[in-house]
Amino acid sequence: MGFANALPRDWTKRRTAKRERLEAVRPHVSGRVVNPARMRDTLQALLRPGDRVALEGDNQKQADFLAEALAGCDPDVVHDLHLLISSISLPEHLDVFERGVARRLDFAYAGPQSVRMAQLLADGKVEVGAIHTYVELYARMFVDLIPGVALLCAEQADRDGNLYTGASTEDTPTIAEAVAFSDGVTVVQVNEIVDRVPRVDIPGDWVDLVVESPRPFALEPLFTRDPRHIGQVEILMAMMTLRGIYERHEVTTLNHGIGFDTAAIELLLPTYGAELGLRGKICKHWTLNPHPTLIPAIESGWVESVHCFGGEPGMDRYVAARPDVFFTGRDGSLRSNRVLCQLAGQYAVDLFIGSSLQIDADANSSTVTEGRLSGFGGAPNMGHDPHGRRHPSPTWLGLLTGEAPIRRGRKLVVQVTQTFRTGGTPAFVETLDAVPVGQDAGMPIPPIMIYGDDVSHVVTEEGVAYLYKASGPAERRDAVAAIAGATPIGRRSDDRRVEVLRRDGLVALPEDLKVDVRRARRSLLAARSIEDLVAWSGGLYEPPARFRSW
Amino acid sequence: MTLTESWAAMLSRTSFIELDARERAGALLDDGTARELCGPFDRIESPWLEPQGVVPQSDDGVVVVKGRLGGQPAVVVGIEQAFQGGGIGEVPGVKIATALSLAAQDNREGTPTAAVLLLETGGVRLQEANLGLATVAEVCAAVLELRALQPVVGVVAGALGCFGGMTIAAGLCTKLIMTEEGRLGLNGPEVIESEAGVAEFDASDHALVWSIDGGRQRVRTGLADALVLDDVSALRSAVIDAVRGGVPDEHRSQRLRELRACLESVDPGRVVEASEVAGGWAKAVPRKGGAG
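From first to last, the protein sequence lines stand for chains A and B. All the letters of the first sequence, read from the start, carry residue numbers 1 to 550 under the working numbering. All the letters of the second sequence, read from the start, carry residue numbers 1 to 292 under the working numbering.
Just chain A, with the same shape it has in the complex (with noise of 0.2 Å):
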């Protein structure tokens, strides 16, 4: 019986240390609560060196209060943790690095922080695990990157520790279950304490220690497009892609990416998409954050329903007037979450559409192009063909592929770009940046943002490619450079050619489409200002400062 020679194990040890954590920073705490003014004191009692903790930063919302603690811990009391960010947005996250607090670093997106990134990954100063897709790096939060300590984020906490995170639930609850459920400790600062939260979104079952922050948590409006830097080509791309793809596949479930190419489509629901005949037929169910610019689509009757991954500055008072189209909880505001919004985008929408900055022959895409790493956020995730679907719809199935009587549907995946960028750049190149990028960080992949399989269709100035429809990567190519325009993979193209493609129906100009290209003007747009948004909301949008020009 070999069994019985065994030692005794102790199955309880994650919950024996978190009892002497919590034991530890009893100084510097009131019940659940930790004064603000020891917020540094309370972490260094509580970390131990080494501690994988996972730190709320996403690409909006972001617990700056306890970032700043941590970058002010002592290194010779807590030093070489291991840091989980999904987005490096603050110098305060790189600071941890500098001063040894942290060593490893697991993350999905570093953009406004990439530059410096990339001098602390040379200078030895960090080692990254690996760069994730947003749900990817929640995923591993409960496989094998468990954080011990989440230092979280929400709007307001009562003195029980529920949670109320108002419009900007995004990853809170994702994050706290993976830690409240493998006895890690969460803190959360909060813009306020108060007696009673108006909604509870997070239990406090949950979270072990609340902190008010002195000032509110910062957030970005990152989704926010101003109409008025919206030209003729995005218009024209966008009545190309209504006639070409969305009414073509009667597109009724979908999820756009940010930018003002789809800023555009938005705004041209009520105005060429009305005319068309449209309304009621394409676009009716989105997941997709708040865009000020969907404003005009949901008020002329487009929009039947909107799941969040995330609020969005100014449109607290819009959403929570339109409870029938957004999810909003009983206090009336905004609910998002992102990682089921993901999920949503991932197996319940019929078409992605985002904006590249980098495309290669065989349409895969990048929008890693300044010679750094700037991570890939949640592109990705919504940027591809799920298998794992198995539900249909006329616009899945429209896509067929495989060979009788094994079939599938497929999921369209568009991307959307002029064939130069600002300053005589070409769009369509030879090698994606991405590629020598990923050698020089030591990466064992390119990092790729969207893979050429994947891409159903691209869009530029020029007209469509309906990738899915090629027979072969020969005949993509040639789809890819139809559409490439005056670039080095456009001039591999010529007349004879494009009228094959045309005729086999894998190459769409605008004429083959019926889209005028003399009508692609702003007047088409049904808000050309932010004021137009405003007005259309009725007076409820209330844009942030920087896009206020009145």
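Hint data in this document are derived by calculation from the structure and do not stem from the laboratory. Be aware that one or more of the hints could be misleading.
Derived, one-sided and incomplete: chain A residues facing chain B with beta-carbon distance under 7 Å [said to hold, decoys possible]: (1) ARG528; (2) ALA535; (3) GLY538; (4) ALA545; (5) ARG546; (6) ARG548; (7) SER549; (8) TRP550.
Label pairs and their in silico Cβ distance ranges [stated by the list, open to error]: (9) SER300/A to GLU23/B: 24 to 32 Å; (10) SER300/A to ASP20/B: 22 to 30 Å; (11) ARG270/B to GLU275/A: 56 to 64 Å; (12) ALA284/B to GLY100/A: 58 to 66 Å.
Since we're looking at a predicted model, the values are computed, not measured. For glycine and all other residues, C-beta sits at the position ideal for the given N, C-alpha and C.
Starting from the structure of chain A, add chain B where the hints point.
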């Protein structure tokens, strides 16, 4: 009017800001009367831009259109904000000054002709610095020449605003019309920030910038005369009203005692909130005697 109706009116308006300089000039004038002078096909363009790597434009960014305003002969001069930030170089300055001088000449020869300046400009074009400065002086002289005979109406609609040397011409106008989106200031926000630092003036803080340079504030503090909705017909009526108002006995730029009293009412040792200015200036009493 209910709230809903006013928002509907806002959406049904034809935005003036949306239009380019040529369209703006045409939209203000009586239907069918607009006739462009010295247009793009005359190809009077800047000789200075191409050597400096800037693609020139055939009208060099200034559009001169003659026509009628509420029946009266008028010339509208529009600065195109989309070309070189509405910068005034040799050709633009001469076009504006000449148009104003010719209008003055028409007046002297018995045809009462008013002028409208559509001021969307960052000031003097840096590529033609000295020539630009010289022509701005000519523009100012021409405004002074014409305004004694017929109104010279300035319009700052947006989205660029009126900054730099041309604000002096704006200050000389008989009447100045603005929208809420329009801005007016001798030094642009970015210039102040880069010269004096972000602590002095944060150009990215739109609320701050508009609270000082914005149309609402400029009208409230008496540095502009009318605040009008960004709407073609509203602007056209405001311009026609201003022309019909005729030549005043004394122009704003001649009321030196009042303007000096306003300046003296401000304590430079203290930070003044933009919201206090209008109230403070209203109470400022000109000193007796002295010049102006």
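key: Violations among the numbered hints   = Checked against the structure, no hint fails, so every one of them is satisfied.
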